[in-house]
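Make the full structure from the sequences, and use the hints.
Just so you know, the protein sequences line up as chains A and B, in that order.
Take the working numbering: the last position of the first sequence gets the number 903, and nothing is skipped along the way.
Take the working numbering: the last position of the second sequence gets the number 272, and nothing is skipped along the way.
Fair warning: there could be bad hints in the mix.
DEER-style ranges, computed between Cβ atoms [said to hold, decoys possible]:
id, chain 1, residue 1, chain 2, residue 2, range
1, B, G213, A, R828, 29 to 35 Å
2, A, V607, B, L49, 58 to 64 Å
3, B, E67, A, R828, 53 to 59 Å
30 Å max Cα-Cα, derived DSSO-like pairs, lysine-lysine [to be verified]:
id, chain 1, residue 1, chain 2, residue 2
4, B, K33, B, K145
5, A, K566, B, K176
6, B, K46, B, K69
7, B, K53, A, K174
8, A, K242, B, K33
9, B, K232, A, K566
10, A, K651, A, K138
11, B, K145, B, K15
12, A, K242, B, K176
13, B, K232, A, K172
14, A, K556, A, K566
15, A, K242, B, K15
16, B, K46, A, K242
17, B, K232, A, K894
18, A, K174, B, K12
19, A, K683, A, K727
20, A, K812, B, K46
21, A, K167, B, K176
22, A, K287, A, K167
23, A, K138, B, K46
24, A, K894, A, K358
25, B, K176, A, K172
Just so you know, the hints here were simulated from the structure itself, not pulled from any lab data.
C-beta: ideal position from N, C-alpha, C; glycine also.
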Amino acid sequence: MTVTALGAAVRRKEDHRFITGKGQYTDDINRPGQAQAYFLRSPHAHATLKKIDIAKAKAMPGVVAIYTGEDVAADKVGGLICGWMIHSKDGTPMRAGPHPILAQGKVRYVGDHVAVVIAETLSQAKDAAEAIVVDYGVLPANADTSKAQKAPEVHSEAPNNTVYDWHIGDKAATEAAFKAAKHVTTLEIVNNRLVPNAMEPRAAVGEYDAGNDALTLYTTSQNPHVARLVLSAFIGIAPEHKLRVIAPDVGGGFGSKIFIYAEETVCVWAARKCGRPVKWTADRTEEFLCVAHGRDHVTHAELATDAEGKITGLRVKTIANMGAYLSTFASSVPTYLYATLLSGQYAIPNIYAEVDAVYTNTAPVDAYRGAGRPEATFVVERLVEAAAREIGMDPAAFRRRNFVTKFPHQTPVIMMYDCGDYKASLVKAMEMADVKGFGKRRREAAKRGKLRGLGYSTYIEACGIAPSQAVGSLGAGVGLWESAEVRVNPVGTVEVLTGSHSHGQGHETTFAQLVSSRLGISIDNVSIVHGDTDKVQFGMGTYGSRSGAVGMSAISKALDKIEAKAKKVASHVLEAAEADIDFKDGKFTVKGTDKSVDFGTVALNAYIAHKFNPQELEPGLKEGSFYDPTNFTFPAGCHICEIEVDQETGVATIAKWTAVDDFGNVINPMIVEGQVHGGIAQGVGQALLEGAIYNKDGQLVTASFMDYAMPRAHDLPSFDVGMTVTPCPSNPLGIKGCGEAGAIAAPAAVINALTDALGTEEVPMPATPQALWTVIQKQSRAAIAAE
Amino acid sequence: MYPFKYQKAATVRGAVSLLGKAEDPKLLAGGHTLIPTMKQRLASPKTLIDLSGAGLSGIEQKGRNIVIGAMTTHAEVAASAIVQQAIPALARLAAHIGDPHVRHRGTIGGSVANNDPAADYPAALMALGATVHTSKRKIPAEEFFAGMFATALDEDEVITKIAFPVPAKAAYVKFPNPASRYAIVGVFVAKKGSQVKVAVTGAGSGGVFRHTAMEEALAKRFNPKSLEGVATPAADLNGDIHASADYRAHLVGVIAKRAVAAAIA
Numbered sequence: 117m118t119v120t121a122l123g124a125a126v127r128r129k130e131d132h133r134f135i136t137g138k139g140q141y142t143d144d145i146n147r148p149g150q151a152q153a154y155f156l157r158s159p160h161a162h163a164t165l166k167k168i169d170i171a172k173a174k175a176m177p178g179v180v181a182i183y184t185g186e187d188v189a190a191d192k193v194g195g196l197i198c199g200w201m202i203h204s205k206d207g208t209p210m211r212a213g214p215h216p217i218l219a220q221g222k223v224r225y226v227g228d229h230v231a232v233v234i235a236e237t238l239s240q241a242k243d244a245a246e247a248i249v250v251d252y253g254v255l256p257a258n259a260d261t262s263k264a265q266k267a268p269e270v271h272s273e274a275p276n277n278t279v280y281d282w283h284i285g286d287k288a289a290t291e292a293a294f295k296a297a298k299h300v301t302t303l304e305i306v307n308n309r310l311v312p313n314a315m316e317p318r319a320a321v322g323e324y325d326a327g328n329d330a331l332t333l334y335t336t337s338q339n340p341h342v343a344r345l346v347l348s349a350f351i352g353i354a355p356e357h358k359l360r361v362i363a364p365d366v367g368g369g370f371g372s373k374i375f376i377y378a379e380e381t382v383c384v385w386a387a388r389k390c391g392r393p394v395k396w397t398a399d400r401t402e403e404f405l406c407v408a409h410g411r412d413h414v415t416h417a418e419l420a421t422d423a424e425g426k427i428t429g430l431r432v433k434t435i436a437n438m439g440a441y442l443s444t445f446a447s448s449v450p451t452y453l454y455a456t457l458l459s460g461q462y463a464i465p466n467i468y469a470e471v472d473a474v475y476t477n478t479a480p481v482d483a484y485r486g487a488g489r490p491e492a493t494f495v496v497e498r499l500v501e502a503a504a505r506e507i508g509m510d511p512a513a514f515r516r517r518n519f520v521t522k523f524p525h526q527t528p529v530i531m532m533y534d535c536g537d538y539k540a541s542l543v544k545a546m547e548m549a550d551v552k553g554f555g556k557r558r559r560e561a562a563k564r565g566k567l568r569g570l571g572y573s574t575y576i577e578a579c580g581i582a583p584s585q586a587v588g589s590l591g592a593g594v595g596l597w598e599s600a601e602v603r604v605n606p607v608g609t610v611e612v613l614t615g616s617h618s619h620g621q622g623h624e625t626t627f628a629q630l631v632s633s634r635l636g637i638s639i640d641n642v643s644i645v646h647g648d649t650d651k652v653q654f655g656m657g658t659y660g661s662r663s664g665a666v667g668m669s670a671i672s673k674a675l676d677k678i679e680a681k682a683k684k685v686a687s688h689v690l691e692a693a694e695a696d697i698d699f700k701d702g703k704f705t706v707k708g709t710d711k712s713v714d715f716g717t718v719a720l721n722a723y724i725a726h727k728f729n730p731q732e733l734e735p736g737l738k739e740g741s742f743y744d745p746t747n748f749t750f751p752a753g754c755h756i757c758e759i760e761v762d763q764e765t766g767v768a769t770i771a772k773w774t775a776v777d778d779f780g781n782v783i784n785p786m787i788v789e790g791q792v793h794g795g796i797a798q799g800v801g802q803a804l805l806e807g808a809i810y811n812k813d814g815q816l817v818t819a820s821f822m823d824y825a826m827p828r829a830h831d832l833p834s835f836d837v838g839m840t841v842t843p844c845p846s847n848p849l850g851i852k853g854c855g856e857a858g859a860i861a862a863p864a865a866v867i868n869a870l871t872d873a874l875g876t877e878e879v880p881m882p883a884t885p886q887a888l889w890t891v892i893q894k895q896s897r898a899a900i901a902a903e
Numbered sequence: 008m009y010p011f012k013y014q015k016a017a018t019v020r021g022a023v024s025l026l027g028k029a030e031d032p033k034l035l036a037g038g039h040t041l042i043p044t045m046k047q048r049l050a051s052p053k054t055l056i057d058l059s060g061a062g063l064s065g066i067e068q069k070g071r072n073i074v075i076g077a078m079t080t081h082a083e084v085a086a087s088a089i090v091q092q093a094i095p096a097l098a099r100l101a102a103h104i105g106d107p108h109v110r111h112r113g114t115i116g117g118s119v120a121n122n123d124p125a126a127d128y129p130a131a132l133m134a135l136g137a138t139v140h141t142s143k144r145k146i147p148a149e150e151f152f153a154g155m156f157a158t159a160l161d162e163d164e165v166i167t168k169i170a171f172p173v174p175a176k177a178a179y180v181k182f183p184n185p186a187s188r189y190a191i192v193g194v195f196v197a198k199k200g201s202q203v204k205v206a207v208t209g210a211g212s213g214g215v216f217r218h219t220a221m222e223e224a225l226a227k228r229f230n231p232k233s234l235e236g237v238a239t240p241a242a243d244l245n246g247d248i249h250a251s252a253d254y255r256a257h258l259v260g261v262i263a264k265r266a267v268a269a270a271i272a
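Dropping the structure here:
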């Protein structure tokens, strides 16, 4: 049998299924008697619902049922929740308005759910929805983050549209540091709003089993157990033992499928109410309008430095757009996932950050690949780059002067960095990128009329989310451990049941590699079971680059128990003392003898139970574990972007991309590299192409791929990817996580390269051709004026 | 999508006859604008008349003209040895419309009849001085395009083919919208004898237009340098989130120079 070691770049086991079209996604699931749901959505960004007349629509052909907010209220269905309590500076809890699954009294963004029509066919449901007469009292709306606190009130619970005004760090000490500073660098930063756009749109099928009074929800979820918990305990759909949530193959999530949304909840609630399985699949427009968006920060940022180029303080004031309702984890993103990373890779003695979270008449905003950490990295890395230029230091040398070099390192903003070697990744990246030769390349580009720039991003992220006690003390409503169960079958094949969920990450391969390397069996004899609350005991799901560091650690812990039990069985099979049994490469041996037995034989003996006394040792070989991390993990690295700007058109072309990441130990380098590639693509998308734009009436102008520019292959160069390794000390596998790194690192590297190329710090994101052309025009006007 | 009646025309005459008889009809060529619009319930023709069986596909050289059937796909134009040899700029234009899926369904006739202000083909027809052949007449490109999404076509008229005179030199350069890949600005330049035509798509508020100031400058000397200082007034141009009218006006100048450079390369 071939063992696949940790660190082997084996091809993904799941890809055969996917590339041959044999995946089973939620939209592939059809239940007997199924009806189709269609949501009537608000065309207005802000309006009162004066009257909803469904009489005519109800009589239309094929209509099974039509429900509105009144039905939701009558059934006492709870609202959607935000699972992380944030307190304002004055200690008061955040001010959240209700989030009903169908609008009650008011709609607050374009796409808000006014009614659901359930019909025999989708076409009939749409026809009936057109016949619903809604009398809207249109109200003034606001989509602008910076204007939100003076805009019309979105929820009466939140005066000035402010959900919370939170802060972290030592204000007085930071002010003193700025007073004493030799130099202060100031930047106004807008972190642009993004639409996740997973390839598979959200979908749901709700089904009611009247015989057992039980419900099943098939849905596009990154965390089916969390969905079940929220649907049961908070929304009150059904008790947990009467509700099964299945998230089958899921085609990408990027955070957007963590959350518990209105549509999925309506499907499972309506299935019981109308007595039919109810299916809904978002079309792309619905995804644009109603999926939780990402980012959308407006920030005033300052960095204080002393005469030696040492950073002495960092101060940030951020307004974070929450959209019209608080999504499931929205409140944590611009606070504990953002401001706690504002120290970057640097030893910064004083940090103070203030964050105001605001309501606007836009789609809810929540975690999107990186979640808070891309925003933090962008602030820190832009400040560092700008500061170095302002004080006349080489940006790489400035970084090196300020890097954290001793571990563990306690930052002023909660995080305790456990390990890392930031100099090593910077030096390696600079060599790979041939930074020395950049001047020559820049001169050569100038001859072609191109402005060439080079930008660094030495990022850090907190992943492996998260130690339960720590997040609990910060307001999280759940623990963030992970669970696993390892079932060894009598012939020695293995099933791993995991609470992690794979929606592109390749768990079926990497998790099998762990089992293979530990038990000495082929990865083909391991199957990974996930995404079904009836199969897997419990789990917190996949996000925050946690499946390796937390999910696999749980599997590792269960494998420890399997090994311990198997040794006991082996001692009976080999007729030796348990203490004399060694287990290596899939073989149990007796110390100092040539007696051995393989893993499969031990597994069989565990089940036939002929060789031991079942009073002393239980038959069977199946173990479970819950693993709770002791700390976050801290992946870090250095990305270097080289870019050229066409002065005539403003078009930016990435000429060269170097990424050196420290993810700790790596299970499958090919999969890790793929994650880095995808992350960079998304980060470059944010930096150069993507931006969700609402107009002043709150209409989403970029509501399709005709206007929302996703990165394409030709927008990206071939990436040069390298690694350094400092194994993570806080989990048994030494893993840090890799899923978000590219998206976190990339935007700052691109904008730092552009600001270098153009010689101004005022480059907006996304740096579209028009935006860059405008910058170039402004500069040439300024140059003419100066002459 | 609302229900509609599907009819397949076997001949042009059949299509014309159906156009006259059917209830609220619409011709279906590649369907790349029509079908998405119908799916969004923004268009709801009662009858679709499919032209795919009407024998309108094919490319041939007729004397000094390249004649392309209305139902010829972009991919066929791009791959055509005849087009590549006679008017390589046209083959390249076709090769950069949309993506491979679009190029294998979308047709030249459908694109021209739709006259999307950001489509590529209208610029080629205008600059090359093409003639649109229909079921009832021949229309010079100059008279065919009648403003945004409007053409000279009558209700019961079907485009059958488009005849392109072979130029001496020609090139098309597109500045694509980063999202849709339609032209924000597309400039087709063509030189035939002493005459130069410059057609601009994507930018004009009334759709494709001839840039006569550039044509005059280039007629004197067919060189990018001739375009220095030739203004493009922003007043008649489109502005949107991707490109303001001023930016488009600037791009017309830049892209026109690049097109001329490509034509003489």
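Numbers of the earlier hints that this structure fails to satisfy, in rising order: 3, 6, 12, 13, 21, 22, 24, 25
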